[in-house]
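Taken in sequence, the protein lines are chains H and F.
Residue 248 in the numbering used here sits at position 248 of the first sequence, and the numbers go up by one each step.
Residue 6 in the numbering used here sits at position 6 of the second sequence, and the numbers go up by one each step.
No lab work stands behind these hints, which were simulated from the structure alone.
Do not take every clue at face value.
[Claimed, not checked] Cut-off 25 Å, straight-line C-alpha distance, at most; resulting in silico cross-link-like pairs (SDA-like, lysine to any residue):
(1) K97(H) x H15(F)
(2) K293(H) x K130(F)
(3) K97(H) x L72(F)
(4) K61(F) x R75(F)
(5) K25(F) x A218(F)
Everything numeric in this text was worked out from a predicted model, so none of it was measured.
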Amino acid sequence: MFMILGYPAPLMFGQLLLGLINGAFYALLSLGLAVIFGMLNIVNFAHGALFMLGAFVAWGLLNFLGINYWAALILAPLVVGAFGVVLEKAFISRLYKLDHLYGLLLTFGLALVIEGLARNEFGSSGVPYPIPSILQGAANLGFMFMPIYRGWVVLASAIMCLITWLVIEKTSIGATLRAATENAPLVQAFGINVPRMITLTYAGGVALAAFAGVLAAPIYSVNPNMGANFIITVFAVVVIGGMGSILGSIVTGFGLGVIEGLTKVFYPQGSSVVIFVVMVIVLLVRPAGLFGKGA
Amino acid sequence: MLEVRGLNSWYGESHILHGVDFDVKEGEVVTLLGRNGAGKTTTMKSIMGLVPRREGSVTFKGAETIDLRSDLIARAGIALCPEERGIFASLSVTENLMLPPVIAPGGLDLATIYALFPNLKDRAGSQGTKLSGGEQQMLAIARILRTGAKLLLLDEPTEGLAPVIVQQIGRTIREIKKRGFTVLLVEQNFRFAATVADRHFVMEHGRVIDMIPNHDLAANMDKLHTYLGV
Ligand SMILES: Nc1ncnc2c1ncn2[C@@H]1O[C@H](COP(=O)(O)OP(=O)(O)OP(=O)(O)O)[C@@H](O)[C@H]1O
Ligand SMILES: [Mg+2]
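Just chain H, same shape as in the assembly (with noise of 0.2 Å):
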């Protein structure tokens, strides 16, 4: 067998591809929270939750309503989107004024909130989620087989991620964020609607963690805990990557994906801690983080 490193090509493949995929996911996940971090100065803990109800969503399209996998990749952000105005203008735009501390509690419990309100409803187990017929099946790659909707999820986390890096930093809309980012009353005193914006920027972010969320739905099966299982991790990445960058979210993802993938071959012990081992020793050499600006 073709081997590397002393290890089955197969093996490191699949790792790798294994890595790829949650890095797809990290990824999508920290560069929500970040834009949402940059504008509101907030930590988003109902990110985990918000990406759970956009898998929920789907699976609520599909069953009672007949709509199909691609358009809930497009529905369910646009209904958590419009929930995330909701939790922004009746909540979190109230603690603006107050301590950060405030708002990571505040969206926390939210979290616990719409988690045990799924959980209430559907169990702990979930519900399963179709593949959609085109994604079903695997390509050889010739080294290895590939699931086909595990290499659309990389390719479609891939895509949004760039969609989104290029609206923020090569549109007038990003100019404007990335302004008032730095100095919101002034961007104000110019004629721009700026609370309007923040809470547009909120539904923003949780639309891509909705998004993430109906890319999970067909991997994981659609359960109350698939958000909590994945946001610590997604911390951690937004840490490593710096808060609020939206370029080290995107590459702090994938990136650390990969890395854990490649942990499960050379010491699998090691794979679920070593992205924390990775946080630490980032905040050790570079607090403000690998993309940070300053501290």
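Please arrange chain F with the ligands on chain H, whose structure you already have, making use of the hints.
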């Protein structure tokens, strides 16, 4: 065009403005002079809705703005060039220039702006805060000339700049006055102020204590020296 009556402002517990009264007529260039800490910047910010608490009356084109949010005041046609310039580090020069939305017709077009400030064209792609102090000041002024706002609040645009750049800013102010803009200018340097302004208001301890028309400035030099402590 702008009438300020009994304007009071606070930062938290500190009561900074104690009944500021003055007015600016359409097409005028008017200065606020006064020592450090007199409340000139606070007056500008209060007009723009950028202080935590303000009372009294600020009418613009006859409409009361004292209870408006700053974005609505901007959309009524007032634009601020802040004392600290407010150039955004995460935006390029062009992005900084294009950031304020156009709120009315009648602003300068890009060609005119680049003719007034050629440096901005040469440095279009640079990071905003990589510009020199003088260039950043030009960018901060240029940015509000585009929007169509007819009343421009310029807070110490010449502060800390070389004489040649001060002259360029002086030319710019005379040019925009010719084009019908109205300017409220904060200045420490009344020699510069005298070259551009129609009237001067003198502030002290959060009040306007005197008004001197520009053509009476020479006759009032002694008084002015006392006010400004120079
Ligand atoms: N953000 C703030 N919080 C509390 N007090 C402030 C704040 N900004 C200004 N002040 C106080 O308000 C007073 C007036 O300040 P302001 O900046 O309006 O003065 P100024 O006339 O513009 O002075 P300068 O010529 O130095 O720019 C000062 O006593 C200052 O200490
Ligand atoms: Mg000042």
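Quick rundown of the hints versus the structure:
no.	hint	result
1	K97(H) x H15(F)	holds (21 Å)
2	K293(H) x K130(F)	holds (16 Å)
3	K97(H) x L72(F)	holds (21 Å)
4	K61(F) x R75(F)	holds (13 Å)
5	K25(F) x A218(F)	holds (23 Å)
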